[in-house]
Structure formats: structure tokens, C-alpha cells
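As a plain string of letters, each chain reads:
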Amino acid sequence: MPFEISAYPVLTVLTFWPTAAAFGLAFVKGETAVRRFTLAAALVEVALAWPLTAFQKTDGFQFVELLPWVDDWGLQYFLGVDGISIMMIWLSILTLPVCVLCSWTYIGRRIKEFHVCLLLMTTACVGVFSALDLALFYIFWEALLIPMYLLIAVWGGDDRRYASLKFFLYTLAGSTLLLAAVAALRIEGGTFSIPGLMAENFPFPFQFWVFLAMGIAFAIKVPMFPFHTWLPAAHVQAPSAGSVILAAVLLKMGAYGFLRFSLPLTPAASLYFAPFMIVLSLAAIIYGGAIALGQTDIKKLVAYSSVAHMGFVTLGIFLFSVRGLSGAIMQMLNHGVITGALFMLIGALYERSHSRDISRNLGLGRWLPAFMFFWGLMSLASFGFPGTNGFVGEFLVIAAAFGQTTEIRGVNVPLLGLLTAPGAMLAAAYALKVTLKMAWGQPSSAKGRGWPDLNLREWAYLLLPAFFVIYLGLAPGGVLSTIEPTIAATVETFQSSATELAVSPENPPRAAVETFQSSDAESGLGD
Amino acid sequence: MTGPNFQLVWPLLVTFLAPFAILLAGRRSQNAREGVSFVAAALAFLSVARFIPEVLAGLIWKVDLFRILPGITVSICLDGLGIIFALIATLLWFFATSYNIGYMRSLNEHAQTRYYFCFGVAIFGAVGVAMSANVFTLYLFYEVISVFTYPLVAHHEDEEGFAGAKKYLVYLMGTSKLFLLPAMALTYILAGGLDFSLGEISRGFFLTPDGSYKTALAAQNPWLIQLTYGLYIAGLAKAALMPFHNWLPSAMVAPTPVSALLHAVAVVKAGVFSVSRIILSLFGAQTMHDFGLSLPTAYLAALTIVAASCIALTKDDIKARLAYSTVSQLSYVILGVALVGVAAGEVFSPNTLAAQGGLLHIGHHAFGKITLFFGAGAIYVATHLKSISKMNGLGRRMPWTFGAFGLASLTMIGVPPVAGFVSKWYLLGGALAGGQFIILAALLASTILNAGYFAPIFYRAFFLKPEEGTDLSHYHEAPATMVVPLVLTSLVSLGLGLYPLVFQNFILFLLR
Chain V
1 MPFEISAYPV LTVLTFWPTA AAFGLAFVKG ETAVRRFTLA AALVEVALAW PLTAFQKTDG
61 FQFVELLPWV DDWGLQYFLG VDGISIMMIW LSILTLPVCV LCSWTYIGRR IKEFHVCLLL
121 MTTACVGVFS ALDLALFYIF WEALLIPMYL LIAVWGGDDR RYASLKFFLY TLAGSTLLLA
181 AVAALRIEGG TFSIPGLMAE NFPFPFQFWV FLAMGIAFAI KVPMFPFHTW LPAAHVQAPS
241 AGSVILAAVL LKMGAYGFLR FSLPLTPAAS LYFAPFMIVL SLAAIIYGGA IALGQTDIKK
301 LVAYSSVAHM GFVTLGIFLF SVRGLSGAIM QMLNHGVITG ALFMLIGALY ERSHSRDISR
361 NLGLGRWLPA FMFFWGLMSL ASFGFPGTNG FVGEFLVIAA AFGQTTEIRG VNVPLLGLLT
421 APGAMLAAAY ALKVTLKMAW GQPSSAKGRG WPDLNLREWA YLLLPAFFVI YLGLAPGGVL
481 STIEPTIAAT VETFQSSATE LAVSPENPPR AAVETFQSSD AESGLGD
Chain F
1 MTGPNFQLVW PLLVTFLAPF AILLAGRRSQ NAREGVSFVA AALAFLSVAR FIPEVLAGLI
61 WKVDLFRILP GITVSICLDG LGIIFALIAT LLWFFATSYN IGYMRSLNEH AQTRYYFCFG
121 VAIFGAVGVA MSANVFTLYL FYEVISVFTY PLVAHHEDEE GFAGAKKYLV YLMGTSKLFL
181 LPAMALTYIL AGGLDFSLGE ISRGFFLTPD GSYKTALAAQ NPWLIQLTYG LYIAGLAKAA
241 LMPFHNWLPS AMVAPTPVSA LLHAVAVVKA GVFSVSRIIL SLFGAQTMHD FGLSLPTAYL
301 AALTIVAASC IALTKDDIKA RLAYSTVSQL SYVILGVALV GVAAGEVFSP NTLAAQGGLL
361 HIGHHAFGKI TLFFGAGAIY VATHLKSISK MNGLGRRMPW TFGAFGLASL TMIGVPPVAG
421 FVSKWYLLGG ALAGGQFIIL AALLASTILN AGYFAPIFYR AFFLKPEEGT DLSHYHEAPA
481 TMVVPLVLTS LVSLGLGLYP LVFQNFILFL LR
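From first to last, the protein sequence lines stand for chains V and F.
Per the numbering used here, residue 1 is the first one in the first sequence, and the count goes up by one each step.
Per the numbering used here, residue 1 is the first one in the second sequence, and the count goes up by one each step.
Check each hint, because a few of them may be wrong.
Stated by the list, open to error - Below 25 Å or equal to it, Euclidean Cα-Cα: the simulated DSS-like pairs (lysine-lysine) are:
hint : chain 1 : residue 1 : chain 2 : residue 2
1    : V       : Lys300    : V       : Lys437
2    : F       : Lys386    : F       : Lys166
3    : V       : Lys433    : V       : Lys300
4    : F       : Lys167    : F       : Lys315
5    : F       : Lys465    : F       : Lys386
6    : F       : Lys315    : F       : Lys166
7    : V       : Lys447    : V       : Lys437
8    : F       : Lys315    : F       : Lys390
9    : V       : Lys447    : F       : Lys166
10   : V       : Lys433    : F       : Lys166
11   : V       : Lys447    : V       : Lys433
12   : F       : Lys166    : V       : Lys437
13   : V       : Lys166    : V       : Lys300
14   : F       : Lys214    : F       : Lys315
15   : V       : Lys112    : V       : Lys29
16   : V       : Lys437    : F       : Lys167
17   : F       : Lys167    : V       : Lys433
18   : V       : Lys300    : F       : Lys166
To be verified - Covered stretches of chain F, as calculated for chain V (at least 3 residues, CB under 8 Å):
hint : segment
19   : 67-75
20   : 137-143
21   : 182-195
22   : 219-231
Simulated from the structure, these hints should not be mistaken for lab results.
Even glycine gets a Cβ: it sits at the ideal position worked out from N, Cα and C.
Assemble the whole structure, with the sequences as input and the hints as a guide.
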């Protein structure tokens, strides 16, 4: 994979500017000053990302930076982005100013420490998505754990100790396995360089174990059913900004891991495990939706809906088609935008009602119309209302699922596709249920309480996701054409190497090779 | 296809902006709000009517508004099929606004601005459905209608209102997510896109002009096309085809103007219009015939016609009776359109008689049924009566209302010279042309059943004496803003019977 070294180290700047700003915070005094300083730093970060708009719509890595680091171990400081990771970087960067704004009055104590955590988290997020060296990736991956743990444990709700510890243990367990996989890949592949490893063709038994080790780490992060139980706990206890980052960026890291590592490095094992992963994804879609339907806590409801949404992501990934992967990435972006916004709205509501229980947030439509407008828009988007961004990702994944037929007694049945439909229906059910209760429920919780409708600051941080809901819903072409070359290349390499290994006699994976050579694999998404 | 013409955007733009204008005007005064409604309805109607000469000339304009995915766009068009529905929806919005003023003010209803806002959005959805040029656009506006009519159905915000509205949403949203969305995904996979084949009704979109499949998947698994069709029919529950009809009677908890416009025109007509669109423009007569899709649909529709009429006989609540009558009459449309793929004879040619009957009935039923609902509402406003059995002798106190009601009943029964007769005539002709005697029998049975539940209302009102001890002398006609529109709509339905070419002209070129 040829690439050019970038003249201006935009990725390094983006990664470490927040860290620098975090150090700068040490010299800032006063609560408001801290908030303003962080907001300014966040906006500067967004401005610094401007060079990324020069991204070429091709499949190689761009903005590459390559410096020797620890020669003896083969460690390199190796950064770069392709069509998949650039979207995730944009997501991480745009989340920062929004998080600062939505914590403006929500966070009332240890303000400086809170903002330091936010800034460090952004460093780690950008680092994860731009690292092209396995060891570097792992360092950023682990670096995320501490600030996120602190966000929940220090600024969280009543049950924060339990939630933060659960989050920490689950993620750490996964990370340990990931570390083993990193080490194994270094020994077997001879390099930490991700593009270098992608060029290798590992034997099937090796792929098998590496996939398992990495896969569990990623599955916990996504989270896939049945590794999801840390998520509702963490979401409910985390402060608004924590939930937003968790939903918008952290969950994406697991799916990103599957795309960046599992598919290119262990294609045959991915194919082998695909039926298993697909079943787990379907389970997440149905189970997440069904559990969400039964929730009385709004935040928990959104948390379980995340499990279902991410089920669509992993389903799309393990269909191994251009359509499925594009749908997965769109769904990742959309989930970030929509669920992030929903958590901010819940935060804004909590500041008024001091409760996350649906029964204590009834009948807001008349008293908080602007709030309900944004809530309504985001819930419509979350169940894939046509014309919003939620539809695009969901539809691509469903279409990809319908593209694969299963033979039952001699008849080809689009079983997978039909199985996704109840998930889509459940999403509409829980989203509409909670929205209708909040808008119309009786007796109104807001009546006579003098709760103010959204203020200017709240409008400011909600307009950004609202814009993306409509823009990505009606004109997703710009994003799709950016990610498409990378996806097409990924699918092509995947198919050739997976098939090559699958047909060699010494490692015959059980999964039928023809499952992924479905009709839609041939048709690209491009113009 | 004739090419793009951005004037097509006007009907959508007017109906899109109108609700917001209503919202703003609602802050000033009632009169301003309702004035805006009138102006918007007039503008919307004119912006659609402006295309009449071009549609009659066989021109079909199309505009792509947004490009979502390859093969999926938000595109609008106006052809003979669409313009019928768009004209009806906008014209009846005008009448309904006048009626609304009388109804809502007389009963002193709450949250009227929200009511007018949602009403406007529902019309926007209906116009959007009418103008959709592909399945995605249709789906988009179809869902807009579902979501924004919820507050109208639940308007009274009491237990009954919420229960009815919940059922409404569960049926409509549930079926569209469970069946319509997969149907759309399957179409996308099998045909590589979602476009309607405009300007003809024979070929459809699944097969190429020479009759071969568009994708390898479709060629290997032709039965998937049948599956897709089944999913569409199940997914478009707004058409109230049995067994997904039950939401309609429950939705009658809404204020009567809502039942009138939305459940006689915008919502249910969006349903049958969508089914017609799917059958004629997506599948096409040839595919319907080749895959054996026509007859099962027609039988299901015939069953719905007879069964719903039988249920209507048992209802004493006037709105419930009208609701089941609607369920029954909607299936006339589906029956006619479905029969397009059934024709006697060796060489298949589309059964255009039946299709004309079905499509004409979209328009002919609308004017009749809105009159009936308007009438029921006027009776309620004037007397607070809902039960038919208590309406003895009422016709003499409210002659205009009951006169119009009687005229509209004739449309439902299908008596000449009122509009309903024309569509029924074509349907009967179509059933004969297809050699379908069971369907013929169902249509004739329905005529008798319709007479069986409409004639008694008229008879009670005019020919029976009031029950002992009831004094009708203090009852008078409802306000003029209500009575005038309902008389006018009944006259339109008479006019359509005398000059049926009004709507027929639009579809003739389709059927050539």
C-alpha cells in the first residue's frame, strides 16, 4: 500500500493539541474561565482539523506520519487515515466542543479536573483512530480507559463506584486479550506496522486464535451481546458528557477494530466466525430492542437502544459486502450523532426534573416545545425514519442482509433480512413509546414548575447534531463517496485472501464461502 | 418521461410551509390562523391544478430533489394517477378548513393551533404520497402521515383517545416497519432501484422491457418477487385491507373533521393510492399476471368488501358504521387495480376496465365519504347524538345535512346518477372481462349490503316520527361553515356521476 509522508503533521497536531490544552488548564483560574478556555481549545481543535478536508477520495492511507521510535523493538510513530478512520476522527473532534457546552452547568464540582479528562480523552480518541502502528494503537486504546473511568467514578450518579468498576474490569479484560494478539502478531508478522501486517497472509490456526483474542476485546467495546452488560450501568451513571463520548466515540472503537484489524488481518477466521457473529448481532438487535421497550429509566432505554443499533453495525460488518460495510460505517456515524444528542437532551432534562425516570418527565410538549422538537427529531432518526440519517445506515445493512439468502429445503430464503425486520419494528416501538409519554403523558410533570425551555447554549449544542441528522439523511453521498474506495478495497482484499485460505486443503473453514459472494458484493455503491 | 420541471416543487413547498405559517399565525388570532389555512389550501390546489393541461396531454414531469443512495432518491413527479389524489387532497382540504372552523369553535375544542398544524402536515404528506416518483419517496411521505396524524387521533387526550391512537400507531408503524421496509429493501436488491415505471402500467420495474430479470438474484429466485409483493400488501396497512383494518374504526375517536378528511381522504386514500401505485407502476400488469398475484389480492379485497359491510350492518354508532363502510369501499379500489392482471383470453392484455373502476373510485369515494363524515359531525355538533337509532325524525330539523347525507349514501351504494355508480360500473365490467364471477357476486352483494346500512339512516331521519317524549324542536342545522361545505361536496359527487370524465381523463392515457 503506497503512501506519501505528509509535510504538515496534522494528525499529530490534532492528537496532542488537547493534551497541550490540558496542561494549559493548570494555569487557568476560576470556574467560568476554565470552561471558556476549554471551549476555546475545543474550537481551535476543530479549526486545526481543517487540513483534513483535503482528504482524497481514494483507498490508501493519507496524512501519513512515520518516525522511528524504539528501533530495537520495531516500534514506530506511524499515523495515517483512510476513508474509514477519517470519519471517526471528525466524530471525535466535533464531539469535544459539544461536550464542553453540555457540561456547562451540569458539572458543578472539580471543574478543572473534569475538563482535563475531556481533553485527554480526545487525545486518546484521535490517537486510536489515526494510529497505524499496533503498539501505538494499543497505547492510545488503553489511555482512554483512565479518563473515562474517572468521568464515571468522580462525576457520575449515585451508583458510580459499581458502574465505573464494571466498565473498567470489562474493558481491561478485553484489553488484555488484545495485548496478547498484538504480541502474537508482532512475533508472527515481524512488524507492528498495520499496513505491513495487512500484506501478510497468516495460516488459519493462527488467524483463528488472533481473531478470538481481538474479537472478544472488540466485542466488549462495541458492545456485542452478551458482553453488553457494562454499558447500561456505565451510561446511566456517567455524567452527560461522559455518556455522549461513550456513545459517540468509545463504542465506535470496537467496530472500528473489527474493520481495521479482524477483516484485513484475519480474513479466513472472520469468515469462519461470521455465522456466529451474525447470530450475536441479530440477538443484540432483537434483545436490545426488547429490553429497551421495558425500561422506565430514559437513559437506560437509550443505552439498550445503543446495543441494538450497534447490532446493526456488527451485522453489516460480518456480511462482508460493500453495502454492508458502508451501512455499518454510516450506522456508526449516525449512532454517534443521534445517541450523542439524545444523551445531551437527557442531561438537559435532568437539570430541570432531577430525575431520569419517564414517569417524572411526562407531558413536556406544551411546556418545553423546543426541547420536544429536538427530542422528537432525534427519536425519529433513531428508529430510521426516512429522510433522517438513521434510515441510511439501517437501510444499507438491511438491504445487504436481504442480499444473502439461506437455503432451506432447496428454496433460497432471505432469512437474515427477514430477521432484521422485527428489530427495526422494536426500534420504532420503544422510541415512539418514550417520546409520546414525554410529549403527552398525564399528569404533566412540567406543569406549574416553571421549567425553562432550551436556552441559547442548549440550542447551540443541539443544532449541530440536528444539522447532521438532516444532512446525512438527505445527502449522505459526500460521506459515502469518501468511505467507499476504502471499503471496496477492504472487501476486495478480504475476498481474495479469505477464499485463498478457505480453498487450501490444510485449513478448511467450515463457513460456506459462497455466503459472502452474494449478489450485492458485485455491485459497488459508487456512482 | 418528459424531463424535469421545477414548478413541480410548488405543491410540496406550499403544503410544507403552510403548517409553519399556521403555527405563527396561531399566535396572533384564530381568524389569522384559519385564514392562512384557507389561503394555503387554495394555493396548494391551484399549484396542482396548474398541471392539469400537461397531464392531460400525456406529459409527465419529474424532479429529483435529493440523492440518498445510488438508485434511491427523493423524487417527485405528477402523472395521471398522482394528480387525481393530489387534486382531491388539496381541494378537500379547502372544504375541510371551512368545516373545521364550525366544528372546532362550536365545540370549543382545545389545542386548536396544534390541530391545524398537524392537519396541514397530513395534507403535506398526502400531496407527497401523490407526487412520489419512487418507493422511497412514497415511504417517506407515508410515514410523515402516520406520525403527524397521531396527535389528531389522540386529540381529546382522554383514555379512549390515547387507546385509539395507540392502536392506530401500532398498526400503521408496526406494519410499515415489519413489512414495508423489508419489501423496499427486497425491491432494491431484486431490481437494483426503487423507481416507478411512469406513463405505462404494463411493464413495471422488476423486469426489463424484453421480459428478463434485472439481477442474478431475481433470476435464480423468482419467488422472491412474490414475497416482495406480499410484504408490500401487508405493509401498506393504511389501505385497511383485512386483516389489517382494525385501526380504522378505533381511530374514529378523533374529532369528526379528522375522521372526515384523514380517514376518508388523506390517510386511507394514501393507503389505497400507494397500493395502486405499487401494483401498476412497480409491478405492472404483466408481472401481476405472470406471477399470479392478481387473483389472490382481488379475492382478499372481495372478502374485505363483504365482511366489512356485514360488520357495518351491526353498528349503531354512526361513525363506526361509516368507518366499516370505508374499510369496505377502500377495497373497491384495490379490487379494481388488482384485477388489472386478470383477463380472459389466450393472449394477456391488461384488464383496463377494472383498473379504471378502481382508480376512479379513489376520487368518487372521497367526495361521497367526506360528505357522510361531515354530515355525522354536523349532526353531533347540532344535537350531540351519535346513535343512529336515536335519529328518528331528525331530517326535518336538518334537511340540508340529511339531504346531502342521502345523496352521498347513493354514491356508496352505487346508484346512478351519483359518482359511485360509474366506478362500480367499470368494476363490474372488469370482473366480467376477467371472467371472475365470484368477484362479480361479491360486488353485487356489497351493493345490497350498502343499501342495507345506509338506507335506514335516511329512512329514520325523514320518514319515522320522533320517539315518544323526545322533543326535536330545539335542534337546528349546524353552523353554515359546516353545512355549506358538506352540501357542496355532495353536489360534487353528483356532478362526478353526471360527468365522470373529470377523473377518467387523467387515467385514460395511462391505459392506452
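Results of checking the hints against the structure:
no. : hint                    : result
1   : Lys300(V) <-> Lys437(V) : holds, 16 Å
2   : Lys386(F) <-> Lys166(F) : holds, 23 Å
3   : Lys433(V) <-> Lys300(V) : holds, 14 Å
4   : Lys167(F) <-> Lys315(F) : holds, 20 Å
5   : Lys465(F) <-> Lys386(F) : holds, 18 Å
6   : Lys315(F) <-> Lys166(F) : holds, 22 Å
7   : Lys447(V) <-> Lys437(V) : holds, 15 Å
8   : Lys315(F) <-> Lys390(F) : holds, 13 Å
9   : Lys447(V) <-> Lys166(F) : holds, 24 Å
10  : Lys433(V) <-> Lys166(F) : holds, 9 Å
11  : Lys447(V) <-> Lys433(V) : holds, 21 Å
12  : Lys166(F) <-> Lys437(V) : holds, 11 Å
13  : Lys166(V) <-> Lys300(V) : holds, 16 Å
14  : Lys214(F) <-> Lys315(F) : violated, 50 Å
15  : Lys112(V) <-> Lys29(V)  : holds, 9 Å
16  : Lys437(V) <-> Lys167(F) : holds, 15 Å
17  : Lys167(F) <-> Lys433(V) : holds, 12 Å
18  : Lys300(V) <-> Lys166(F) : holds, 23 Å
19  : 67-75                   : holds (count 6)
20  : 137-143                 : holds (count 3)
21  : 182-195                 : holds (count 7)
22  : 219-231                 : holds (count 5)
Hint violations for this structure: number 14 only, all remaining hints satisfied.
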